[in-house]
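Taken in sequence, the protein lines are chains S and E. So that you can map any letter, position 26 of the first sequence is 37 in our numbering, and since no number is skipped, the others follow by simple counting. So that you can map any letter, position 37 of the second sequence is 104 in our numbering, and since no number is skipped, the others follow by simple counting.
None of these hints come from the bench; they were simulated from the model. Computed from a predicted model, the values in this text were never measured in an experiment. Treat the hints with caution; some may be incorrect.
Here are a few chain S residues that face chain E, going by a calculated C-beta distance under 10 Å [as the list claims (entries may be wrong)]:
| hint | residue |
| --- | --- |
| 1 | E56 |
| 2 | T97 |
| 3 | K117 |
| 4 | I119 |
With the C-beta cut set under 8 Å, the calculated list includes, among others, these residues of chain E facing chain S [stated by the list, open to error]:
| hint | residue |
| --- | --- |
| 5 | P107 |
| 6 | K108 |
| 7 | E171 |
| 8 | F174 |
| 9 | E176 |
| 10 | G177 |
| 11 | R179 |
Glycine included, every Cβ here is placed at the ideal spot set by N, Cα and C.
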Amino acid sequence: QKEVEQDPGPLSVPEGAIVSLNCTYSNSAFQYFMWYRQYSRKGPELLMYTYSSGNKEDGRFTAQVDKSSKYISLFIRDSQPSDSATYLCAMSHDSNYQLIWGAGTKLIIKP
Amino acid sequence: GAVVSQHPSWVICKSGTSVKIECRSLDFQATTMFWYRQFPKQSLMLMATSNEGSKATYEQGVEKDKFLINHASLTLSTLTVTSAHPEDSSFYICSSTGGTDTGELFFGEGSRLTVL
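Let's have the full structure, built from the sequences with the hints guiding it.
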């Protein structure tokens with residue numbers, strides 16, 4: 012079993028829809044949770060960064076962490092075609108930056 | 068955020084040759100640089116951690132003699148794929164903490180290597 016599970020998709024939704032992306036994990040020691048967006052042939056860029064449980068909102072993006080269920084989510088409101096990319100979750104249990112990555116979910120927003 | 072510049076963005080080489088990929092920190096001093104490899108539809112895999120002025124730390128299963136890492140200055144880390152073979156074809160990405168201790172990582176643009 013992988014430490015971090017993420018559905019690779021692709022996930023195709025119409026423009027304007029609310030998108031929900033998720034990852035589950037098995038290591039209860041994870042404390043730092045991140046979401047990265049990666050466009051084709053580009054390096055990942057950090058979207059959201061959260062520590063421990065709770066919600067964090069930044070514009071159209073909301074990250075949720077449920078440590079009791081070992082489940083994290085990224086919500087995208089009012090989705091745009093420019094949001095089409097691969098979204099990767101990553102997490103670590105301390106600040107030594109040893110990140111464990113999900114496989115990434117390919118998201119397609121249809122105009 | 069911090070800027071990490073990676074070059075070349077793509078390279079094609081013949082089997083048996085060596086390829087060097089450069090990663091530069093443009094607006095901060097990078098004492099540590101992380102090198103990742105990503106195969107199509109797979110997650111990022113950490114290959115090694117390079118530290119300025121000392122030897123790199125390689126992850127299990129990564130051949131240090133094949134993937135030479137040099138971090139001779141605070142703004143430049145290089146990855147050299149020696150005697151490249153077609154199975155080394157991949158997307159290589161460097162990242163750094165950007166001089167912060169928040170746990171965030173800033174990534175280079177990535178380098179697509181194709182070995183013929």
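Taking the hints in turn, this is what the structure says about them:
Of the supplied interface hints, the one on S/E56 holds, with its beta-carbon coming within about 7 Å of a beta-carbon of chain E, less than 10 Å. With its C-beta approaching chain E no nearer than about 9 Å, S/T97 sits inside the 10 Å limit, and its interface hint holds. Among the interface hints, the one on S/K117 holds; its C-beta lies about 8 Å from the nearest C-beta in chain E, closer than the 10 Å criterion. Taking 10 Å as the C-beta contact cut-off toward chain E, the hint placing S/I119 at the interface is violated, the least distance being around 15 Å.
Proximity of E/P107 to chain S is violated relative to the hint, the smallest CB-CB distance being about 11 Å (cut-off 8 Å). Proximity of E/K108 to chain S holds as hinted, the smallest CB-CB distance being about 6 Å (cut-off 8 Å). Annotation: E/E171 was flagged as interfacial toward chain S, and the flag holds, the nearest CB pair being 6 Å apart, inside 8 Å. At a threshold of 8 Å, the smallest CB-CB gap from E/F174 to chain S is about 4 Å, leaving the interface hint in force.
Hint on E/E176 holds. Least Cβ distance to chain S is approximately 5 Å, under the 8 Å limit. The criterion of a C-beta within 8 Å of any C-beta in chain S is met by E/G177, whose closest approach is roughly 4 Å, and the hint holds. For E/R179, the interface hint holds, since its Cβ comes within 8 Å of a Cβ in chain S; the closest pair sits about 6 Å apart.
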